[in-house]
Amino acid sequence: MFAVALPDVTTYPLRLASPLALFFAAFFAAPLVALLWLSLQGADGTFGLSQYAAFLGDGFSLGVLLGTLWLGLKVTAACLVLGLPLALVATRAGGWVRGLIILAVLTPLLTSVVIRTFAWIVILGRQGVINSLLSSLGLIETPLRMLYAEGGLVAALAQVQMPLMVLPLMTALARIDPSLWDASEALGAGRWRTFLRVTLPLCLPGLIAGSVLTFAAAISGFITQSLIGGGQMLFMPGYIYQQAIALQNWPFAAAMSVIFLVAVLAVVLGFNALGRLARGYAQT
Amino acid sequence: MSRSPGALDRLSFEGLLHALSALALVLLLAPTLIVLVVSFTDGLSLRFPPPGYSFRWYRELMEAWQLHYALKNSLTVAVLATILAVGLGVLAALAVARSPRLSARLLDSLFLSPLILPALAFGLSSLMFFSLLGWPVSVATLVLGHTVVCVPYVVRNTVAALTQLQPALLEGSASLGASRFYTFRRITLPLIRPGILSGGFLAFMASFDNIPVSLFLRDAATDMLPIRMWQDLEGRLDVTIAALSGILIVATIGGIAVMERVTGLSRRLV
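Heads up: the sequence lines are chains A and B, in that order.
Sequential numbering of the first sequence, starting at 66, is according to our numbering.
Sequential numbering of the second sequence, starting at 265, is according to our numbering.
Worth flagging that the hints you see were computed from the coordinates, not collected in a lab.
All of these numbers come straight from a predicted model, not from anything done at the bench.
Worth double-checking, as some hints may not be accurate.
Each pair of labels, with its calculated beta carbon distance range [claimed, not checked]:
1. A:245 / B:280: 18 to 24 Å
2. B:455 / A:307: 47 to 53 Å
3. A:119 / B:286: 25 to 31 Å
Glycine residues also receive a C-beta, built at the ideal position from the N, C-alpha and C atoms.
Chain A on its own, in the form it takes in the complex (with noise of 0.2 Å):
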């Protein structure tokens, strides 16, 4: 007998990624690279931490930053307690409804995110959707405020990012066996014990993957924070924004994208290792 061995054809040589990494270490690591030197320039044109002292020393700024990881949370609950419903039911149901949910899903999620936020501006306004059902049916005299006003911001954003939670979830619900659910139910566990003890586990990796892609978005969704929230309500997009463009001080705008990064990334992280803990609990 021969015994050719024959070479390896499934995989490719790790030097194919080369064309792309020299890439992302030109276009993207060097500019990122570019903020955090540029971030070291204090205003009197010493280097030093001066820009982060400044950022951080000051109360206003901190409460920018705070209050927008508040919306992000805040946003990433809206979404997971609509999204993992409208989840479970399309995984549970298949066939036509199924195929709705999806199309549901996908279309808001690559429509514009200027249209969609239009939109809520169309609904929210002083002679939007909701004001002119509320004063048809006599239940308020003068208009709502709520565009401009952060219950309206968090509705926006929740729509805007939901896809982004309910496809990792879809992903994440499919692939539990539907007769653990039988099992459950045979051995006498009611429908909320069911979900809290097998579905909710089971279902933690994408309900974490999809909490981290529905914050991240909602917290640098410059468009609808600046469109629905106005000028009264500031986040840190449009903050870096104002500082980098309006008044054009680079230095500390690029100290507030540094701090934005590492407070983003600190988040993920974290999300992160709740995932392996979850895990971890989910095979016990």
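Following the hints, complete the assembly by docking chain B onto the known chain A.
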């Protein structure tokens, strides 16, 4: 015998589940539908429901040369960024997809990281970088910036397609004497084509809709459509923008339908 968990448990769970799902569906779909309806108004305001229906704002749109110019720029940048992203992204995906090495895993995470990092911070850093280099902003800088934020879609979808590929097919081809390149051309490429196509489609859409990077890397000569729309909306509520939105929504749904047919897009979006 199984114990009955009780009707209240079942009713409360299923009731809440379906109520929340219905609310989520309304939240997802209503805004798009409302914009579509409002764009056919015959009035001057964005009232819903409109007082009457007409095509007047769609006719108005034909005269809006600023929007035409911005649309042309956006399409140019999106096409070029997509070509670059697909070329670089597919090669990189081939390299990292099946490799067990740590360096491949790290590269994979690096190539996907623009999805998580705030694009606005990246846009600002690109502007600083190009101005340090002395490169004025242009279509070229826009394409380079857009490619960075669009490439993750190509890498992710191509890697997913590659991991679903049966290694036995490739080994079979090789054992029958096909060269590596022949196997790639005749087996691998046709099988991962749907993944590449859907990745390219998503990259195109992401570039066409990008604001945070364009905001910093364009100037008056390279006005981009989403930014023009955003600035028009900040100034005044313009029904012409509703008509443009109507056209873009229909084009997007058409694109989704075609890609769903050709590539099974929805199964690749995670």
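Structure-based check of each hint:
1. A:245 / B:280: 18 to 24 Å: Distance hint for residue 245 (chain A), residue 280 (chain B) holds at roughly 21 Å.
2. B:455 / A:307: 47 to 53 Å: Roughly 49 Å apart at Cβ, these two residues keep to the hinted range, so it holds.
3. A:119 / B:286: 25 to 31 Å: Check failed, 49 Å falls outside 25 to 31 Å.
Consistency note: the structure conflicts with earlier hint 3 alone.
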